[in-house]
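Peer 1: Sequence:
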Amino acid sequence: MSERPAHVQGLSLVNLAARQRMLSQRMILQTLLASRGDAQKLEAAQRSLHVFTESQQHLQDTVLSLDKAAAQKIADTYHGPNGVGPVIAAFMQLMQRTLEQIERKASGVAESLLELVGLIDRILDVLNTATTAFDEVTKAKSDTMMTELVGIVGDIQSVAKEAKVVSFNAQIMAARAGQHGREFAVVANVLSDITGEIDRLTRQAVTLADRSQRAV
Numbered sequence: 001m002s003e004r005p006a007h008v009q010g011l012s013l014v015n016l017a018a019r020q021r022m023l024s025q026r027m028i029l030q031t032l033l034a035s036r037g038d039a040q041k042l043e044a045a046q047r048s049l050h051v052f053t054e055s056q057q058h059l060q061d062t063v064l065s066l067d068k069a070a071a072q073k074i075a076d077t078y079h080g081p082n083g084v085g086p087v088i089a090a091f092m093q094l095m096q097r098t099l100e101q102i103e104r105k106a107s108g109v110a111e112s113l114l115e116l117v118g119l120i121d122r123i124l125d126v127l128n129t130a131t132t133a134f135d136e137v138t139k140a141k142s143d144t145m146m147t148e149l150v151g152i153v154g155d156i157q158s159v160a161k162e163a164k165v166v167s168f169n170a171q172i173m174a175a176r177a178g179q180h181g182r183e184f185a186v187v188a189n190v191l192s193d194i195t196g197e198i199d200r201l202t203r204q205a206v207t208l209a210d211r212s213q214r215a216v
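The opening position of the sequence shown corresponds to residue 1 in our numbering, with each subsequent residue numbered one higher.
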């Protein structure tokens, strides 16, 4: 996967996909204003297109880091029989061409603007489709992690009960054995192992909980 751009740092895949919808509409508005001779809006539209393009590449590159099922869903969303990838690519190409025409004051700007405005509903539809796909992938991942977490917590509770029983037995054996309680030493070692297992499971649960929060 290519290096993550700074402007996507801290954004979940769902939020990044949703931002693409907002950026698409912002770019169209900025481009329309730029066509009236507003140089600042032209620069703003060019920056928006740069962010949109990098964000789109990052979203599509996520198939390299997702599990097989999630990667397949995203790949199908963009490149399947009804994939949204070609529509998004065509939109970016049209936007780039229109901005270049405006910058050069070339002919054909009016036609490009008309084509761009005609894409508003279509581009929103396909970006909504992409956002929905990332939302479903994220929820599935979160559900899987929570299932694992529930299992780990159950293991912790089971081990904790066992530790209490062993601890109780150790106390009884210690009381009976006095200074010569070899059996107590064995039980104490078992108790120590169980305590270590509890610590390990607890750390694993905390790690999973953290991963689950960051994935949403």
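Read the hints as simulated data drawn from the structure, not as lab findings.
It is possible that some hints are incorrect.
DSS-like, lysine-lysine: derived pairs with alpha carbons at most 30 angstroms apart [stated by the list, open to error]:
#1 K139 / K68
#2 K41 / K141
#3 K73 / K161
#4 K68 / K141
#5 K141 / K73
So the derived label-pair ranges between C-beta atoms look like this [as the list claims (entries may be wrong)]:
#6 L64 / T207: 45 to 51 angstroms
#7 R200 / G80: 41 to 47 angstroms
#8 G10 / D67: 21 to 27 angstroms
#9 G85 / V165: 26 to 32 angstroms
#10 L64 / L33: 24 to 30 angstroms
Where a beta carbon is used, it is the ideal one built from N, C-alpha and C, also for glycine.
Peer 1: All hints, please: hold or fail.
Peer 2: Okay, the hints, checked on the actual structure:
1. The hinted pair formed by K139 and K68 meets the criterion: a straight-line CA distance of about 15 angstroms does not exceed 30 angstroms.
2. In summary, the hint linking K41 to K141 is not supported, as the alpha carbons are separated by about 40 angstroms, beyond the 30 angstroms threshold.
3. Distance hint between K73 and K161 is unfulfilled; the C-alpha atoms sit about 42 angstroms from each other, more than 30 angstroms.
4. Distance check on the hinted pair: K68 and K141 sit about 12 angstroms apart at the alpha-carbon level, within 30 angstroms; holds.
5. As the CA atoms of K141 and K73 are separated by approximately 13 angstroms, the hinted pair is consistent with the 30 angstroms bound.
6. The hinted window of 45 to 51 angstroms between L64 and T207 is violated, with their beta carbons roughly 23 angstroms apart.
7. The hinted range of 41 to 47 angstroms is satisfied by R200 and G80, whose Cβ atoms lie roughly 42 angstroms apart.
8. Taking the beta carbon of each, G10 and D67 are about 22 angstroms apart, inside 21 to 27 angstroms as hinted.
9. In this structure the hint that G85 and V165 lie 26 to 32 angstroms apart at CB is violated, the actual value being about 59 angstroms.
10. For the pair L64 and L33, the beta carbons lie near 38 angstroms from each other, so the given range of 24 to 30 angstroms is not met.
Of the hints listed earlier, those the structure fails to meet are numbers 2, 3, 6, 9 and 10, in rising order.
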